[in-house]
Structures are given as C-alpha cells and as structure tokens.
Amino acid sequence: MLAFIIYKFILVLIVFLISLGIAAYSTYGERKIAAFLQDRMGPSKAGPYGLLQPIADGVKMFMKEEIIPDVSNKWLFILGPCIAMFTACMTGVVIPWGRPLIIGGETYALQITDINIGILYVFGVVSMGVYGIMIGGWASNNKYSLLGAIRASAQMISYEVAMGMSIIALVMTTGTISLSEIAAQQDHGMWNVIKQPLGFLIFITCAFAECNRAPFDLPECETELVGGYHTEYSSMKLGFYLFAEYINMFISSAVISTLYFGGYNMPFINELGLANNVLSILGVVFLFAKIIFFIFFFMWIRWTLPRFRYDQLMDLGWKKLIPLSIFNILLTGAIMIAKDLL
Amino acid sequence: MILNLFYFLAFLSVICSFMVVTARNPVHSVLYLIITFFTIGCQYLILNAQFLAAVHIIVYAGAIMVLFLYVIMLLNLNQTTEVHKSNYAKFAAAIASGLLLLVMVSSLKGADLLSNALPQNSQVGLIENLGKILFNSFLLPFELSAILFLAAMVGAVLIGKNEVK
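So the sequence lines, in the order shown, correspond to chains A and B. Each position in the first sequence, counted from 1, maps to that position plus 59 in this note's numbering. Each position in the second sequence, counted from 1, maps to that position plus 1289 in this note's numbering.
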C-alpha cells in the first residue's frame, strides 16, 4: 500500500514537473518560432541560444510589483488565476503516458489514474477552466476585462458543443471512453485519425478555441480590449494566466495525440521484438515527439493566420462545426451499419 | 469512512445552498451554487455513478452556470440596482417552494432508505450498464425526454430570433 502511494506520488510529481517544464520552454519555443517565421533572431542573449530566457522571464514576473485594484473583489481577484492554473494542471492525470513498465514482476502503469470515464473527465475539467477567466475578468472591475471574460465564456460554451459531438463519433468507432483503452486499441489497429479524419479536424479546431489560442484568441484581443481578461493583472498572477495557457496547449496536444494519433504507439514497433520495458520507454519518447509536434503546430497556426472577428467565430462554431460534427456522427453510424451488413 | 464523507458533503451542500439564497451579490450566489453542484457530483461518485457525476459537472457546473454567470455579468446586477419584490410576490414564492419541499419530502417517505443506504458496489452507474438500461428497459421515456429537449431547443431559438419583417 505504501509502495503504491509512493509510486503514484512520484508519477504525479513527474507529470506536474514535466507540464511546468514544457510550458516554460513553450514560451521560449513560441518566440523562436515567431522569430523564424518573421525572419528574426528571437531571444538569444540569456545563455547559449537564449536557452535561459524562460528562467529570466520567471524571475522578472516574480520581481514585478503586485497590484490589486482598490475597487476589485480581492478574494475573487486572487482566485481567478488560481483556478486557471489548477484546472490546467488537473487533466494530466488521465493521460496514458506509455505502456506499463514491468519491474521485478510488478506492473507499473504509466498513467496516474485509469478511470473508465477518461474523456468525460477531460471535458469536465476543460469546462471548469473558463471560470478562472470569468471570475478574474469580473473581479477586475474593468470594462475591458469584463468584455474579455464574457467573450471567453461564450466562446468556450459554443466550441465545447462541437468538441463533444466530434468525440461522440470517435467513441462510436472505439466503443470505449477510457483513454488507456483508446491508446491500447491503436497499438494493433490503425490510428484513429484514419478512421475519423473529419472528427479530428473538428476536434483540433475546437481545441484551439478552448485554449484561447490564435486565431481564436478574442478574449485577450489586444487591438480591441487592451489585454482582455488579464488587463488589471500584474506580477505572477498575470504569469499564472499566461502559464496556464501554455499548460493547456501541452495537455490538449497530449489529448489529441492520444485520441487520434496513436498515443504512445508507433506503427511496426511491435515487429522489432524489443523487450517490454524498452518498448514502454520508447513509447513515452514517441508520445512526447507527437506532443511537441502539435505544440509546434499550435504556434505555427498562431503566426500564420490572422485573428477571427467575433461574429465569424460564432458563425464558425454554431453554423459550420456543429452541423459538420452531426454529419460526422451520421456518417460514422452509416459506415458501421454498412460494415455489419456486408 | 464513506458515511462520514457523505455527511461532510451533505453539510457542505446545505451550507452552500443556504449561502446561495442569502448572499447579497448575485455573482457570489452563482459561485456558491457551483460549489453546491460540485458537492452533489461528489455524492454521485460515492454511489459509484461515475458517468452521472461527470455529466452532472459538465452540464450543470460547466455549461448552465457559465451561462448564468454570463447573464449576471452582462446585466451587472448589484445591491443598488436589485429589484425589490412586493410582499405578495415573496409570500407566493414562500408558499410555492414550501409545497415543492412537501412533495419532495413525501416522495422520500415511501422509499426504503435503510436497505439502499450505501450501494457502493452497485455497478449500475457505470457507463456500459447505464447505456444498456437506458436503451432496453427505459427506451420510451428516454426518447420522449429527447423530444422534450428538442422542443425546448426549438422554442429557445424561436424566442431568441430577431423578428425579420
């Protein structure tokens, strides 16, 4: 029992630290990629190739003066970034990071908890994430913040619907909503992206909207709303909001890789006849390669596409993605019935 | 252990729902209501109804309350602009909610409370079993409620639509 608790504790700690580490270096990656796409150098002064830039940024954030507006509701003002950070870190517990390790006859799953409603858990946590933005934006007592918060909530609600529907089609083909089973199924069969190309497109579009990433970053649209929901925030509370966005990006990349791109699997890896533990460590490496690719994809899109207008965003969500995802469900059902008949 | 957890959660949900009514600021009321929904979601988890717990959190805390908060923030309600209801309205509301309470309590009266007090090992709340029950034994009520939802949705769209003349 004690060994079990220690093993889970270590796993939680590792996942937490990796989330923070990847989020920190995503900020560096974001700047480097932006610089590359705009033919600039990017951060290059702190350390070799500017590799110490995230640490310098963190120190800067902590050292800045902490300002709490006089008129704001102090408790809710502090609660906002806390919720944003907390919900961002919560999703990592259901993601299967690799196939189980076998050490001395004992099996150690590389997943913190294998609940059989994994996808629904992710959805629940994602739908909680919006409260961080809403509470923070409201408690700032600033019209720009309030507008940002209202935009965020409307956007999240709208895109959650399409996201849920795109997942329903995936659940129909896999027959399970446990993330570990979905990952394990793709070990022998095809990756789900081949079975669900339309569902994948809808899902990744919605993931962009849920993370408030460009081209859907209207809650923090600086040309209209100064800084959006975090206009009044300073110091590390602002840092929490920005950091939560990068953690969300990491986690949604992990969810996309697990659901649609085989998770920790790689085609033909089983034919090599490697030992189980080598395979499972390789699996973790493959999963992280996929995650880093998707994080790069997030950034690539950000520096390529201009921001949507708000009515265009709502049009895309309600009039295009939702009908498309319903069509996807119908199509999946029809193909499944046709397969049964033939 | 489980029973203590139940009492703790029940205590929390009663306190929070009390705060929903007494809080002066409507945004605080909504936040207390969200905590209440969370405690009720945890009660479902104690009953081993994971699907119900997750859906409860997603639908109530994640969607409906966000829209509540959205509307309240847009209206910017606070103490000074709060509408004061007449005494008749307060009286009618007290009687109506009292009757509702009576109905709920009387429905509990017939139930066999002790034997089903803690169905921790019940597997009925897991998603496979729930799906089988819904689509076999309760197919007609399930489909009827779907039609009810559809009608409500069409009604909402009709009310929300701008009149084009």
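Keep in mind the hints are simulated off the structure, nothing from the lab. Predicted model only: the values in this text are computed from it and were never measured. Honestly, I wouldn't trust all of these hints.
[Stated by the list, open to error] In the DMTMM-like style, the derived pairs of lysine to aspartate or glutamate whose C-alpha atoms are separated by at most 20 Å in a straight line are:
#, chain 1, residue 1, chain 2, residue 2
1, A, K202, A, E281
2, B, K1450, A, E281
3, B, K1450, A, D374
Evaluated hints:
Pair hint A/K202 plus A/E281 holds up; C-alpha atoms about 14 Å apart against a cutoff of 20 Å. With a CA separation close to 31 Å, the supplied pair B/K1450 and A/E281 exceeds the 20 Å bound. Distance restraint check for B/K1450 and A/D374: the Cα-Cα separation of roughly 15 Å lies within the 20 Å cut-off, and the hinted pair is therefore satisfied.
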